[in-house]
Amino acid sequence: MPALRHPPFSPSTCPWADEDSLRKDNRGATARLAYDGFGNTTLTEIADAGGAVVWRQQRRYNALNQLQSVQTGELKDTFTYGPNGELTARTNAARQTTTYERNAFGQPTRITDPAGQSASLAYDGLGALRSATDFAGVSTTYANDVRGNPTRETTPDAGATDTRYDAMGRPVQWTDALGRTTKATRDALG
1 MPALRHPPFS
11 PSTCPWADED
21 SLRKDNRGAT
31 ARLAYDGFGN
41 TTLTEIADAG
51 GAVVWRQQRR
61 YNALNQLQSV
71 QTGELKDTFT
81 YGPNGELTAR
91 TNAARQTTTY
101 ERNAFGQPTR
111 ITDPAGQSAS
121 LAYDGLGALR
131 SATDFAGVST
141 TYANDVRGNP
151 TRETTPDAGA
161 TDTRYDAMGR
171 PVQWTDALGR
181 TTKATRDALG
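Last residue of the sequence shown? That's 190 in UniProt numbering, and every number before it is there in order.
To be clear, the hints were calculated from the coordinates, so they are not data collected in a lab. Since we're looking at a predicted model, the values are computed, not measured. Cβ coordinates follow ideal geometry from the N, Cα and C atoms, glycine included. Some clues are possibly wrong.
[As the list claims (entries may be wrong)] What follows is a set of in silico ranges between Cβ atoms, one per label pair, in the way DEER data are often shown:
#, residue 1, residue 2, range
1, ASP48, ALA167, 58 to 64 angstroms
2, VAL172, VAL138, 47 to 53 angstroms
3, ARG170, ASP77, 36 to 42 angstroms
4, THR98, GLN173, 36 to 42 angstroms
5, GLY37, GLY148, 20 to 26 angstroms
6, GLY159, ASP25, 32 to 38 angstroms
7, ASP25, VAL138, 40 to 46 angstroms
8, GLY85, ALA29, 14 to 20 angstroms
Start from the sequences and build out the full structure, keeping to the hints where you can.
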């Protein structure tokens with residue numbers, strides 16, 4: 001397979017000076033990008049008007065085309081994946097790791113930051129989000145209709161917001177905790 005280049009235009013019809021470089025901006029700075037065979041950006045360099053590189057970011061991908069690391073200058077973030085290709089951890093340049101747990105369907109269920117604080121998500125049997133708890137322990141709950149459309153969102157600060165849908169599953173009415181209602185009307189094209 002030939003290497004992909006972005007954007008897919010000839011240099012004469014777009015602002016690209018060549019396949020891997022941007023033209024100079026109005027201050028003379030130049031951005032150069034390089035891509036792998038899958039079209040992923042592997043290198044971005046910004047050079048000043050004199051040609052000295054002032055910013056550089058390198059991205060590496062594993063054999064499954066997943067982002068493995070991002071190095072910006074001396075700082076490097078790494079990414080770890082589970083057997084099903086799901087992101088399980090991200091480690092930053094300070095060697096602080098954020099972990100991600102998922103259910104059997106690959107949906108995120110818990111995110112734990114480097115300080116050990118967690119945010120969590122819970123789902124119903126159909127995979128619809130039922131609740132989300134942030135790192136401060138504040139929970140938001142969700143209710144859905146039989147089609148899986150979200151019908152109610154309840155937060156500690158704003159209370160409950162209800163949403164109604166038409167027969168085609170499009171939202172048509174929203175009611176906030178104070179009972180204020182907003183309705184949507186549609187023309188013949190929806």
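Status of the hints after comparison with the structure:
1. ASP48 <-> ALA167: 58 to 64 angstroms: 60 angstroms, holds
2. VAL172 <-> VAL138: 47 to 53 angstroms: 30 angstroms, violated
3. ARG170 <-> ASP77: 36 to 42 angstroms: Taking Cβ atoms as reference, ARG170 and ASP77 lie about 40 angstroms apart, which means the hint holds.
4. THR98 <-> GLN173: 36 to 42 angstroms: Cβ of THR98 to Cβ of GLN173: about 39 angstroms, so the range 36 to 42 angstroms holds.
5. GLY37 <-> GLY148: 20 to 26 angstroms: Between GLY37 and GLY148, where Cβ atoms are some 38 angstroms apart, the hint is violated.
6. GLY159 <-> ASP25: 32 to 38 angstroms: Taking Cβ atoms as reference, GLY159 and ASP25 lie about 49 angstroms apart, which means the hint is violated.
7. ASP25 <-> VAL138: 40 to 46 angstroms: Cβ of ASP25 to Cβ of VAL138: about 43 angstroms, so the range 40 to 46 angstroms holds.
8. GLY85 <-> ALA29: 14 to 20 angstroms: 37 angstroms, violated
The structure does not agree with the numbered hints 2, 5, 6, 8 stated previously, though it agrees with the rest.
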